Amino acid sequence: MALAANGPDVSIADPIPSIPRSPLAVTLAVWKALFLREAAGRLFGERAGWFWLLLDPVFHISYLMVMFSVIRMRHVGGIDTPLWIMLGLIGYFMFQHASSQAMRAINANTALFVYRQVLPVDTVLVRAALEAVIMLVVAVLLLAGAWMFGIHVTPAEPLKVLDCLFSLWLIGLGFGAAASAFIEMVPESAKVLSMVMQPLYLLSGVMFPVAAIPPPYRDWLVLNPLVHGLDSLRLAFAPYYHEIPGVDMNYLHAWALGLLVLGLALQVVFAKRLVSE
Amino acid sequence: MIIIEDVYKRYATNHGPGPWVLNGVNLTIPARTNVGLIGRNGAGKSTLLRLIGGIDEPTRGRVERRCRVSWPMARGGGLQNSLTGRQNSKFVCRLYGHEDDMEDRIEQIRDFAAIGRSFEQPINTYSSGMRSRLQFAMSLAFDFDVYISDEVTGAGDASFRAKAAKAFRKLVDRSGIIMVSHGEETLRAFCKSGILLDGGTATWFDDISDALDAYKESIAA
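First to last, the sequence lines map onto chains A and B. The first sequence begins at 1 in the numbering used here and counts up by one. The second sequence begins at 1 in the numbering used here and counts up by one.
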């Protein structure tokens, strides 16, 4: 480096008295910074990024709502087909978007681990949180749209609706936290996980009613916690809905907490190895 | 003060644990000292900087930072390509808890980097020189007791290098710095002491000239 004694004067940061921040304050600052950065990237990273971000799920769900209500039937389990489809997809996306974004969080943010305040688990949590916000906006848009088309969208038990959505999101976060750690340890597991995840769309009762499956096979499908979440969500909207026998919110909660504990434990145990290159 | 106690480090490879990069490093780096880290390629200089910077953990041993240590400033690190220079600067301000005076700091970064309107453009439109300017400017905007620099001082064109050198001079006079550089002149200009990394162990020299002499001897041998 050339040493220039002349030339314009330069200024560097003034020394400031060092005020040590508490670990909690640091973590909150990291979450806020990551959230705003992630949101800026997702919403404005490309031209009208926010528009496509909302359009994709809204179009996907509206398309299926129209398809199913026109060509198939008017009612599923006693509620309007469009509402049934819409609730199933909103609930499923709550899980799926959170898990798939969280799963790739560590890998996509390796450049940030240069700042030692940023831990891998922070990127996972923040990504899942942003996905929840986006899906809530999507849900509100869809419900408002359906209401304008004359579909009865007022939930009978709003708190239970929030509980269902939150639990489905929590399963997604727990799964994503565990999967992101696995993927960093064993990169090949990403391929296996995406293979396992693909059929979940069909196996969760999003597009066809699990209640219509004959008993021995239905019992197997009911092992999937997402089935419980989606049917409870429909039931919370319409108490007259004929849910699948054996649907249990506690089963959903147990899975959500179990996966969350597993995911966070893996993040803690492997924290050292997740940042090393 | 930074205390490095019996630090061992090896990386995992696809075929099990790799060779030891650091093999029992013991160092105490006093606060406000300017230290040059010397060693041949692959001697573990960057690894040691990463451990000091706290972005990686030693396999065995302990690193203790008793002062405010910067992030390891290395080429190409810590910037997100899809975001603008301003957005990246905001991110780091928020990380370091400078929410209140963020505007001032961002102005300072913008002025120092002097990349004009590119500051509002995504990083992936930057040339490598512009990236280096921004990174250097970002590191100057925060006050640390010890700065860690991994060969970033030689970045940019002649005019920026001159400006960077002046800023660096100021930093060195005020705070401590731990730097890796292959430029002997740079090391002599900025560093008082030296650390020679060889064969996975570190030797401390109070005078950088002694460290450079020992380094030359180790290469010749």
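You may find that some hints are simply not true.
[To be verified] In silico contact screen, one side only, chain B against chain A (beta carbon under 7 angstroms); selected entries:
{"no.": "1", "residue": "78"}
{"no.": "2", "residue": "82"}
{"no.": "3", "residue": "94"}
{"no.": "4", "residue": "95"}
{"no.": "5", "residue": "97"}
{"no.": "6", "residue": "126"}
[Claimed, not checked] Label pairs and their computed distance ranges (CB to CB):
{"no.": "7", "chain 1": "B", "residue 1": "18", "chain 2": "A", "residue 2": "207", "range": "17 to 23 angstroms"}
{"no.": "8", "chain 1": "A", "residue 1": "272", "chain 2": "B", "residue 2": "42", "range": "55 to 61 angstroms"}
{"no.": "9", "chain 1": "A", "residue 1": "272", "chain 2": "B", "residue 2": "66", "range": "20 to 26 angstroms"}
{"no.": "10", "chain 1": "B", "residue 1": "15", "chain 2": "A", "residue 2": "201", "range": "35 to 41 angstroms"}
{"no.": "11", "chain 1": "B", "residue 1": "30", "chain 2": "A", "residue 2": "262", "range": "17 to 23 angstroms"}
{"no.": "12", "chain 1": "A", "residue 1": "111", "chain 2": "B", "residue 2": "111", "range": "23 to 29 angstroms"}
{"no.": "13", "chain 1": "A", "residue 1": "198", "chain 2": "B", "residue 2": "8", "range": "21 to 27 angstroms"}
{"no.": "14", "chain 1": "A", "residue 1": "189", "chain 2": "B", "residue 2": "1", "range": "56 to 62 angstroms"}
{"no.": "15", "chain 1": "B", "residue 1": "219", "chain 2": "A", "residue 2": "191", "range": "41 to 47 angstroms"}
{"no.": "16", "chain 1": "B", "residue 1": "157", "chain 2": "A", "residue 2": "191", "range": "17 to 23 angstroms"}
{"no.": "17", "chain 1": "A", "residue 1": "140", "chain 2": "B", "residue 2": "8", "range": "50 to 56 angstroms"}
{"no.": "18", "chain 1": "A", "residue 1": "24", "chain 2": "B", "residue 2": "12", "range": "29 to 35 angstroms"}
{"no.": "19", "chain 1": "A", "residue 1": "24", "chain 2": "B", "residue 2": "120", "range": "48 to 54 angstroms"}
None of these hints come from the bench; they were simulated from the model. Note that the structure is predicted; figures quoted are calculated from it, not measured. Backbone N, C-alpha and C fix where the C-beta goes; we use that ideal spot for every residue, glycine too.
Notebook entry, point to check: Any hints this thing doesn't respect? Which numbers, in order?
Noted result: Of the numbered hints, 6, 7, 8, 11, 13, 14, 16, 19 do not hold.
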